[in-house]
Amino acid sequence: MPPVGTLPSSSAPSPVSTVRGGARTSPPGRAGADELAARILGLLLPHRRASDPELDATPGHFPLQLEQLVDFIAAGDPILFTLPGFPCKSPNPAKVLGHLPDEGERLSLTFLNGLCGEIGALYEPGARILICSDGHLFGDLIHVPDDHIDDYSDELAAMIEREGLTHLTTFDLRAVLGDLPFDEKRARVHDRYAPSVEELREQILTDEETLRLYRGITRFLTGDTVGFTGTRSALQRDCRRRAYGVMQRSRAWGNLIAEQHPRSFRLSIHPQRAGVLKFGIRLLEAADSWMTPWHSSVLHRADGRWELLRSEDAAKVGRLVERDGRPSHYEIV
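Each step along the sequence shown adds one to the number in UniProt numbering, with nothing skipped, and position 264 is 264.
Possibly wrong hints are sitting among the right ones.
What the hints assert, rightly or not - FRET-style restraints, in silico, Cβ to Cβ: (1) R232 with P145: 19 to 27 Å; (2) D52 with F111: 16 to 24 Å; (3) D288 with R240: 19 to 27 Å; (4) T231 with R39: 51 to 59 Å; (5) E67 with R212: 22 to 30 Å.
To be clear, the hints were calculated from the coordinates, so they are not data collected in a lab.
Backbone N, C-alpha and C fix where the C-beta goes; we use that ideal spot for every residue, glycine too.
Put together the whole structure using the sequences plus the hints.
Shown next, in the form of structure tokens:
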């Protein structure tokens with residue numbers, strides 16, 4: 001079966017050398033690449049979103065990621081990170097300020113771009129992050145219209161341009177399968193790349209990480225659902241059913257990206273344990289390790305800290321701040 005669509009390609013002829021201060025230098029040998037990979041991973045560890053927070057993690061706990069970094073370094077290639085996320089805002093107005101990116105996304109994108117800059121200070125070819133916005137994959141399941149997801153994705157790209165975040169690029173379902181309707185695109189990506197519900201059920205029964213993800217998604221769907229007229233138990237059944245769909249589409253999106261970018265370091269906005277394929281990354285401070293900028297608002301505290309909170313909770317302690325005529329965040333003065 002031919003590929004579903006075309007993603008921006010990370011492939012390029014591997015340079016045999018890099019340029020430093022006008023002089024051409026060769027990529028480091030294996031020992032040097034190993035050391036540099038550990039130093040780069042050390043930059044990520046303070047921002048790790050972990051499902052095993054009791055672990056005092058060191059670079060050695062991440063052999064898969066170290067090997068991926070060594071592959072880039074030994075070839076002298078820029079490091080490519082792929083990050084599925086930044087889908088759209090929650091449809092629950094108690095959580096967010098609207099359907100467009102706000103200060104939470106701006107701070108998160110700035111953080112990611114800065115992380116690439118720190119890597120570039122250690123490794124001259126540098127790094128970039130491809131943000132794979134997955135909102136259209138889930139729109140029908142999370143009850144967010146596709147035009148709102150388009151608006152969110154367009155503003156996200158505009159924000160990257162305005163802020164000069166040159167290490168970041170974006171991709172979403174609009175780049176796949178031409179001009180087909182979104183419902184058909186979702187169906188085709190699902191059919192080609194998603195695991196079956198039976199596979200997921202088996203994994204939920206046998207794998208703690210998959211069970212934790214299923215419960216987390218179910219909780220978010222329950223909190224995001226507005227206007228449900230049935231009973232609480234009916235809502236929970238509905239959210240459990242939709243959680244399977246979200247997990248299937250998430251796997252499908254990840255598989256599509258991996259097929260197109262086999263040489264990439266996979267980041268995740270979900271908590272991950274050490275040693276697995278994905279490296280969990282924390283974008284902003286939050287009491288809940290599952291909270292993201294698209295499920296919350298930002299509170300700027302008097303001590304300078306930025307924290308993710310439900311919008312209704314942030315409004316109890318801070319005043320609303322607007323940016324460019326739109327609600328942006330809350331602050332305590």
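Structure-based check of each hint:
1. R232 with P145: 19 to 27 Å: holds (26 Å)
2. D52 with F111: 16 to 24 Å: holds (23 Å)
3. D288 with R240: 19 to 27 Å: holds (20 Å)
4. T231 with R39: 51 to 59 Å: holds (55 Å)
5. E67 with R212: 22 to 30 Å: 26 Å Cβ-Cβ, so the 22 to 30 Å window holds.
In summary, this structure violates none of the numbered hints.
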